[in-house]
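Visitor: Could you put together the complete structure from these sequences and hints?
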Amino acid sequence: GDSVTQTEGLVTLTEGLPVMLNCTYQSTYSPFLFWYVQHLNEAPKLLLKSFTDNKRPEHQGFHATLHKSSSSFHLQKSSAQLSDSALYYCALGPRGYQNFYFGKGTSLTVIP
Amino acid sequence: EAAVTQSPRNKVAVTGGKVTLSCNQTNNHNNMYWYRQDTGHGLRLIHYSYGAGSTEKGDIPDGYKASRPSQENFSLILELATPSQTSVYFCASGEPGGTEVFFGKGTRLTVV
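Chains as they are written, first to last, in our numbering: chain A, 1 to 112; chain B, 1 to 112.
Don't take every hint at face value.
[As the list claims (entries may be wrong)] Label-pair ranges, simulated between beta-carbon atoms:
hint : chain 1 : residue 1 : chain 2 : residue 2 : range
1    : A       : Tyr29     : B       : Tyr50     : 17 to 23 Å
2    : B       : Ser67     : A       : His59     : 34 to 40 Å
3    : B       : Asp38     : A       : Tyr29     : 26 to 32 Å
4    : B       : Pro83     : A       : Leu17     : 26 to 32 Å
5    : B       : Asp38     : A       : Ser78     : 30 to 36 Å
6    : A       : Gln81     : B       : Asp59     : 32 to 38 Å
These aren't lab readings, by the way, just hints derived from the structure by calculation. All residues carry an ideal CB built from backbone N, CA and C; glycine is no exception.
Guide: What follows is the structure, given as structure tokens:
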């Protein structure tokens with residue numbers, strides 16, 4: 001079946017250091033992959049989405065590359081900011097999907 | 001912008017009581033979803049709907065019912081609330097095969 005794995009539950013980084021949050025997936029078909037971000041007491045909202053292999057979507061300094069060969073869609077940013085502190089969900093939408101499959105989320109805390 | 005509104009935003013219920021969580025969307029999306037969010041589990045799908053009159057079981061439907069009386073409204077019903085159902089509940093809407101789901105701001109439910 002379809003599933004998403006986020007291996008880190010909690011990540012703490014010092015401001016200015018690079019960010020990398022891991023996401024791997026299992027899917028029968030070539031899926032769409034997404035990153036959602038949820039700031040404290042807010043709703044999750046879309047951060048990035050990817051529709052084709054090896055295209056690199058970017059938003060707010062974050063980027064992610066879909067690699068079908070390794071079934072991965074890691075989220076990266078070159079320099080963490082305090083405002084990046086949030087809960088990040090990787091999600092999978094199978095082609096023709098009706099439902100999203102969310103990972104368990106990674107809580108990112110950026111400290112001064 | 002897409003709008004998903006949940007009510008109430010906070011609810012305290014007694015064990016054994018009936019709880020109804022309401023969701024309204026103005027996006028004219030066919031699909032609507034109910035998730036619960038718990039630390040360590042991420043977002044888990046309870047029920048979803050393809051349109052007015054339809055409800056489908058998600059990954060954790062036990063103890064929950066859903067109702068979709070119209071395109072705009074989707075309710076989650078806890079007939080006999082239990083403390084294990086204490087959680088934050090999110091409603092979302094989206095189009096099948098679309099590129100994004102839109103979340104409401106969540107309902108914090110405490111069952112005492």
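Visitor: Taking the hints in turn, state whether each one holds.
Guide: Here is what the structure says about each hint:
1. Checked against the hint of 17 to 23 Å, the C-beta distance between tyrosine 29(A) and tyrosine 50(B) comes to roughly 20 Å, which is consistent with it.
2. Hint check: serine 67(B) to histidine 59(A), Cβ distance near 36 Å, so the stated range 34 to 40 Å holds.
3. The hinted range of 26 to 32 Å is satisfied by aspartate 38(B) and tyrosine 29(A), whose Cβ atoms lie roughly 29 Å apart.
4. At about 40 Å, the beta-carbon gap between proline 83(B) and leucine 17(A) misses the expected band of 26 to 32 Å.
5. The given range of 30 to 36 Å is respected by aspartate 38(B) and serine 78(A), whose C-beta atoms sit roughly 32 Å from each other.
6. For the pair glutamine 81(A) and aspartate 59(B), the supplied restraint of 32 to 38 Å holds, since their beta-carbon distance comes to about 34 Å.
Checked against the numbered hints given earlier, the structure breaks only hint 4 and satisfies all the rest.
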